[in-house]
Amino acid sequence: MVDTERLKQGNEETFREFVSETERLLMSVSFGILLNSEDARDAVQEAYLRFWRSRERLDSNGYIQAYLVQILRNVCFTMLKKRANTLGMDEIPEPGKKENPSSRLGEKEVISRAMAILKEKERMIVAMIHYENLDSTEVGMILGLSASTVRSHYQSARTRMKNYIIRYFPEFAR
Amino acid sequence: MKCKEIQEFLPLFQKGLLDPELTKLTSDHLTSCELCREALTLEKRVSDRLDTLFREKAEGASSVDIAEMVLKRSHGEQFSINHERKRLKLVYRFGAAAATVVLVLWLSFLFRQVNPVIEIGMIQEAPVRTAFLPESPVRTPKVRDVQRKSTVTRLKENVVWISYTN
Ligand SMILES: [Zn+2]
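Just so you know, the protein sequences line up as chains A and B, in that order. Taking the numbering used here, the leading residue of the first sequence gets 1, the next gets one more, and so forth. Taking the numbering used here, the leading residue of the second sequence gets 1, the next gets one more, and so forth.
Hints may contain errors.
Stated by the list, open to error - Label-pair ranges, simulated between beta-carbon atoms:
(1) B/Glu-38 - A/Glu-13: 49 to 57 Å
(2) B/Lys-24 - A/Arg-174: 44 to 52 Å
(3) A/Arg-174 - B/Met-69: 39 to 47 Å
To be verified - Below, computed lysine-lysine pairings styled on DSSO-like, alpha-carbon distance capped at 30 Å:
(4) B/Lys-15 - A/Lys-162
(5) B/Lys-2 - A/Lys-162
(6) B/Lys-72 - A/Lys-162
(7) A/Lys-108 - A/Lys-121
(8) A/Lys-108 - B/Lys-4
(9) A/Lys-108 - A/Lys-8
(10) B/Lys-72 - A/Lys-81
(11) A/Lys-8 - B/Lys-4
(12) B/Lys-72 - A/Lys-8
(13) B/Lys-86 - A/Lys-162
(14) A/Lys-119 - A/Lys-82
(15) A/Lys-121 - B/Lys-4
(16) A/Lys-119 - B/Lys-2
(17) B/Lys-86 - A/Lys-108
(18) B/Lys-44 - A/Lys-108
(19) B/Lys-44 - B/Lys-72
(20) B/Lys-4 - A/Lys-119
(21) A/Lys-162 - B/Lys-44
(22) B/Lys-72 - A/Lys-119
(23) B/Lys-44 - A/Lys-121
(24) A/Lys-82 - B/Lys-72
(25) B/Lys-86 - A/Lys-8
(26) B/Lys-15 - A/Lys-121
(27) A/Lys-119 - B/Lys-86
(28) A/Lys-121 - A/Lys-82
(29) A/Lys-119 - A/Lys-108
The hints are simulated quantities; they were obtained by calculation from the structure and are not laboratory data. For every residue, glycine included, the Cβ atom is placed at its ideal position computed from N, Cα and C.
All chains, full assembly: derive it from the sequences and hints.
Here it is, written out as structure tokens:
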């Protein structure tokens, strides 16, 4: 854990350390929300910039990861709103669209599409659990939720993904 | 416990997020139920693909030095902020100087244009014969009586004689 006081004072070395500690988490959350790697990278950079700009207002007793993720969520939301009219996700169509059964998608695409049907919060949770291997308590701390709420979101997200896959991509389930 | 319930636990079970009691129940059930073992296989595959997906997407980030880019952008902003401040300071200084000049010009213009007519009225019904003009920057004020027809003769720089012509 980096020293919040040093961050507040604008110590760049501490900031570099902080970024290397948290960038994977941020990138996974960002990708989880936006489902597009390029946008995800832009959003992460923007989130760190906003964080760095507002460093003087950091709460020394607060959980800075949670604060950082909150900034990122705001950035991602703005991006989602902006691209509401333009197709942005990595080749991901409207969720729930009837798939052509003869179209054989790679397993990765199938998973991406199944992710797309989830709600933003569920996608973030799935992202943190799968990429950073965080447990439900850690995810809860970052999102300001209880561990059991995180678990139930995760469980329902995975159930919906599974049902979607079985329905539209039965060959994946086989 | 029914298969349906067990299958709902599988994602949490397989990620080790299930509480110990339910974990035990689930794993006992799995040893005896072929159907649920199949379901677990699918959940595992989904889980593995999710891991891969995030690994690929998120690792793309580490090839870029985010911290450096952010600091550079921040320095750039700081530079332009300082630059902007200096520019603004100059603008303010110039503005203040220009405003002073304009004010001085305006005031001198105003004093030139001060109403050059000095009006003399009656003082307690008695007509005023002599009047002292107020100190004024106006060089040659015109003097007239507002109440009666009169001719005004200038005696001194600031003293006039008024003769009434009924
Ligand atoms: Zn069973």
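Quiz item: Of the numbered hints stated previously, which ones are contradicted by the structure, given in increasing order?
Solution: Going through the list in order, the structure violates hints 2, 6, 9, 11, 13, 17, 19, 22, 27 and respects the others.
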